[in-house]
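*Asks:* So the chains spell out like this:
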Amino acid sequence: MTTTEIPGSPDFEIDPRALTPLADQRLDIELQSEDMVLNIGPQHPATHGTLRVVVRLDGERVVSADPVIGYMHRGYEKLTEYRTYPQVTTLINRIDWLSSFANEVPFIHAAERIMGVEAPPRAEWIRTALTELSRIATFILFLGEMGLQVGAITPAFYGFRDREHVLNLIEAVTGGRFHPNFNRIGGIKDDLPAGWINETRRVMGLMLESCDQFEDLVAGNEIFQARTRGCGIIPADVGAAYGVSGSNLRASGVDWDLRRDGQPYLAYRELDWKVFTHPDGDTFARYWVRLQETREAIRMVLQILDGLPAGPVMAKVPRIIKVPAGEAWVNTENPLGEMGYYVISKGATGPFRVKIRTASFSNVSILPWLLKGVYVPDVVTILAGLYFILGDIDR
Amino acid sequence: MGLIESGLLQKKPLKPVSWLLNYSRKYSLWTFQWGLACCAIEMGAALAGPRYDVMRLGVIPFPASPRQADLVVVSGTVTDKMAPSVLRLYEQMPDPKYVISMGSCANCGGPYWDSYSVTKGIDQIIPVDVYVPGCPPRPEALMEAIVILQQRIQNEGVGNDELRQRWRGEHILVD
Ligand code: SF4
Numbered sequence: 037m038t039t040t041e042i043p044g045s046p047d048f049e050i051d052p053r054a055l056t057p058l059a060d061q062r063l064d065i066e067l068q069s070e071d072m073v074l075n076i077g078p079q080h081p082a083t084h085g086t087l088r089v090v091v092r093l094d095g096e097r098v099v100s101a102d103p104v105i106g107y108m109h110r111g112y113e114k115l116t117e118y119r120t121y122p123q124v125t126t127l128i129n130r131i132d133w134l135s136s137f138a139n140e141v142p143f144i145h146a147a148e149r150i151m152g153v154e155a156p157p158r159a160e161w162i163r164t165a166l167t168e169l170s171r172i173a174t175f176i177l178f179l180g181e182m183g184l185q186v187g188a189i190t191p192a193f194y195g196f197r198d199r200e201h202v203l204n205l206i207e208a209v210t211g212g213r214f215h216p217n218f219n220r221i222g223g224i225k226d227d228l229p230a231g232w233i234n235e236t237r238r239v240m241g242l243m244l245e246s247c248d249q250f251e252d253l254v255a256g257n258e259i260f261q262a263r264t265r266g267c268g269i270i271p272a273d274v275g276a277a278y279g280v281s282g283s284n285l286r287a288s289g290v291d292w293d294l295r296r297d298g299q300p301y302l303a304y305r306e307l308d309w310k311v312f313t314h315p316d317g318d319t320f321a322r323y324w325v326r327l328q329e330t331r332e333a334i335r336m337v338l339q340i341l342d343g344l345p346a347g348p349v350m351a352k353v354p355r356i357i358k359v360p361a362g363e364a365w366v367n368t369e370n371p372l373g374e375m376g377y378y379v380i381s382k383g384a385t386g387p388f389r390v391k392i393r394t395a396s397f398s399n400v401s402i403l404p405w406l407l408k409g410v411y412v413p414d415v416v417t418i419l420a421g422l423y424f425i426l427g428d429i430d431r
Numbered sequence: 431m432g433l434i435e436s437g438l439l440q441k442k443p444l445k446p447v448s449w450l451l452n453y454s455r456k457y458s459l460w461t462f463q464w465g466l467a468c469c470a471i472e473m474g475a476a477l478a479g480p481r482y483d484v485m486r487l488g489v490i491p492f493p494a495s496p497r498q499a500d501l502v503v504v505s506g507t508v509t510d511k512m513a514p515s516v517l518r519l520y521e522q523m524p525d526p527k528y529v530i531s532m533g534s535c536a537n538c539g540g541p542y543w544d545s546y547s548v549t550k551g552i553d554q555i556i557p558v559d560v561y562v563p564g565c566p567p568r569p570e571a572l573m574e575a576i577v578i579l580q581q582r583i584q585n586e587g588v589g590n591d592e593l594r595q596r597w598r599g600e601h602i603l604v605d
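So the protein sequences, as listed, match chains A and B. Per the working numbering: the first sequence = residues 37 to 431. Per the working numbering: the second sequence = residues 431 to 605.
Just so you know, these hints were derived from the structure itself, not from any lab. Given the structure is predicted, the values throughout are model-derived calculations rather than measurements. Every residue, glycine too, gets a C-beta built ideally from N, C-alpha and C. Any given hint could be a false lead.
[Said to hold, decoys possible] Here are the computed distance ranges between Cβ atoms for each label pair:
#, chain 1, residue 1, chain 2, residue 2, range
1, A, 229, B, 483, 22 to 30 Å
2, A, 154, B, 494, 49 to 57 Å
3, B, 544, A, 102, 25 to 33 Å
[To be verified] Some chain A residues well away from chain B (every beta-carbon gap over 10 Å; in silico):
#, residue
4, 72
5, 93
6, 126
7, 156
8, 185
9, 192
10, 225
11, 226
12, 231
13, 235
14, 265
15, 267
16, 343
17, 364
18, 383
19, 404
The shape of chain B in the complex, shown without the other chains:
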């Protein structure tokens, strides 16, 4: 957020100001689709399919590059070969950034918990905000995750220190 870098928000902002900033942030979530495996198709159905139409929640699923994204949905199996790219992509995103881990594979390895080539959980490499369990989770579950994430964004502090502290928070599990 440019406001923070400019120093205008160095102090703790007034409540209405942070409410307004969070409100606008949560309804313009640019979402980068990091679709890796089967779950990517469900994510496609949720984010691009007309039946679920995620744009009505204020999510814009077509950023051209991770540099324009606020939220990344990692959906599918992360293999050890892929893991460095996931990390690199995450590091390219500007702060504040959020991660949804979609599907058992991204959460913990899923059906490949004893495979030699699968990374068991992307939370080993990047911090995760919301976990969506399921193999694959239904598109509705992903949308619930987005709504929960929006509630979290609404309640966040906006001051410089508070954003830096963000990762002390709890993970959320959609159930």
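Extracted from the complex, chain A is given alone in its bound form:
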């Protein structure tokens, strides 16, 4: 809180929105209404973990909001200095725990780039499939849970139900439901199990149906639209200035997707897919964009199943991995937004320093701006619509 926001301090500025018409002021003198401070969190279902938002309320309206982060700070960047490269993948799985597989990819790519190793094409394609599967799992949960946050509990159950199918697929390949730790420097641990491709085709059919269902049940619902349209609007320039990325930014009309526009990675350049944007920038737009991106991810997985190249899944690398001295910055499009790793190696078995850029951290930094002047019930809608993961904020 800056001094301009503390009442009583010499340079306190009244928020223009808090200035009321004359009649209200006279009433105020009689009632002497004071700001109320409300703590949302640290344990609140809408915060997906332990984010605490301190809001100052004037009646039902938010005067100021301060996200208090750090409840989930686990010290990843320090821990990576004590771990070897294969051990680091175990850790960074757990940063964004809904799409763990997607977390591993940029780090492994950075290490591979310093070493000058390239994974065989089959490994890259399988990585792409698993990344998109974790994107589907993440978004399906969001599509369901968003209903819960505006007061409809049924879609949340559908979200959990349909997500299990995708988790089964990931588990069949990697052995872990959502902490796979499957990437190795130079490839992936194993090839696909027998029968996986056909099973995936079937499940992708189910997921398409589930997307249609969410479109009817939630996005097409009048009450849902009334709650989310025009709620929490992020203009494109403000969003970009705060570093908002991923679907949140595309929902503000910015046509920017690292899978297409960033450094080439995985097999995205060889697939046929589209980037969706929405001009509105409100919570509904964010819901709509994620819905379309789920469909697009399903289409991508189907294409990968058809075009999967043959060959080995592991390049030739030494048994004990020593990465030569060097630096690399790799950023990728995670389900939540842009995730990047800056890896500095000094030639040891572990990295010297890893800087992690996570999407949610920048996405929630817009909250003080976004929550000013909205009503209390909308706070929960906006929080849920931004869709952040606490491990991704605090690391």
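Use these hints to put chain B with the ligand onto chain A, whose structure you have.
*Replies:* Showing chain B with the ligand alone in chain A's frame:
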């Protein structure tokens, strides 16, 4: 339990009475979900997901506040910043109360055993009944923990003194 406070159960109750009381207690476990990190998602899948449907075990996972809860599932990493809130929440729960510690992080710090900001084990701050190991444990493991806890509740004494003695008991480890 109001019966105890009212003094009706000051003496050691008859066996059928304590059986009945325990039986009803174990099948109406109001569970507060204290989800903190990755494990919270598995807990959500176990407690709210239709595939695992924990309500058939007599667990009600939606109390509005810890003041209505009998059981708290601490799932995920407890950081030093979070630890005071965990303790405060635990103290708000009415007796008799039970704790399940879910995931390596809550048990002992897990992958962050040498981190500067993580509390290595919530048993440093609150007593734990059942430990569920795993990173993350599967939802089935959490359900097994609940079943084991229910067996423990069934065998508990109900008299005033016995409830007070409860923490002398052994911890349980699901394996
Ligand atoms: S035990 Fe593992 S899955 Fe659970 S919270 Fe800790 S790191 Fe996450």
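*Asks:* Give a verdict on every hint.
*Replies:* Here is how each hint holds up against the structure:
1. Between residue 229/A and residue 483/B, the C-beta spacing of about 28 Å keeps the proposed range 22 to 30 Å intact.
2. For residue 154/A and residue 494/B, the hinted distance range of 49 to 57 Å is satisfied, since their beta carbons lie about 55 Å from each other.
3. For the hinted restraint 25 to 33 Å between residue 544/B and residue 102/A, the CB-CB distance of approximately 32 Å keeps it satisfied.
4. Listed as outside the interface, residue 72/A is consistent with that label: its C-beta sits roughly 19 Å from the nearest C-beta of chain B, beyond the 10 Å cut-off.
5. The Cβ of residue 93/A sits about 20 Å from the closest Cβ of chain B, beyond the 10 Å cut-off, so the non-interface label holds.
6. For residue 126/A, the condition that its CB be more than 10 Å from all CB atoms of chain B is violated, with the nearest at approximately 6 Å.
7. Residue placement check: residue 156/A keeps its beta carbon more than 10 Å from all beta carbons of chain B (closest about 29 Å).
8. Remark: the non-interface label on residue 185/A is consistent with the geometry, its nearest Cβ contact in chain B lying 14 Å away (cut-off 10 Å).
9. Annotated as non-interface, residue 192/A brings its C-beta within 10 Å of a C-beta of chain B; the closest such distance is 7 Å.
10. Every beta carbon of chain B lies more than 10 Å from that of residue 225/A, the smallest distance being close to 18 Å; the non-interface claim holds.
11. Here residue 226/A stays apart from chain B, with its beta-carbon at least about 20 Å from theirs, past the 10 Å limit.
12. Non-interface status of residue 231/A relative to chain B is upheld: no Cβ of that chain comes within 10 Å, the nearest being about 21 Å off.
13. Residue-level check passed: residue 235/A sits 17 Å from the nearest beta carbon of chain B, beyond 10 Å.
14. Residue 265/A, annotated as away from the interface, keeps every beta carbon of chain B farther than 10 Å; the closest lies near 27 Å.
15. At the 10 Å boundary, the C-beta of residue 267/A stays outside the reach of chain B, the nearest C-beta of that chain being 25 Å off.
16. Consistency note on residue 343/A: stated as away from chain B, and its beta-carbon is indeed over 10 Å from all of that chain's, at 32 Å minimum.
17. In this structure residue 364/A is separated from chain B by more than 10 Å, as the shortest Cβ-Cβ distance comes to about 24 Å.
18. Once the 10 Å rule is applied to beta carbons, residue 383/A is consistent with being away from chain B; the minimum gap is 23 Å.
19. Its beta-carbon lying about 20 Å from the closest one in chain B, residue 404/A satisfies the requirement of being farther than 10 Å from that chain.
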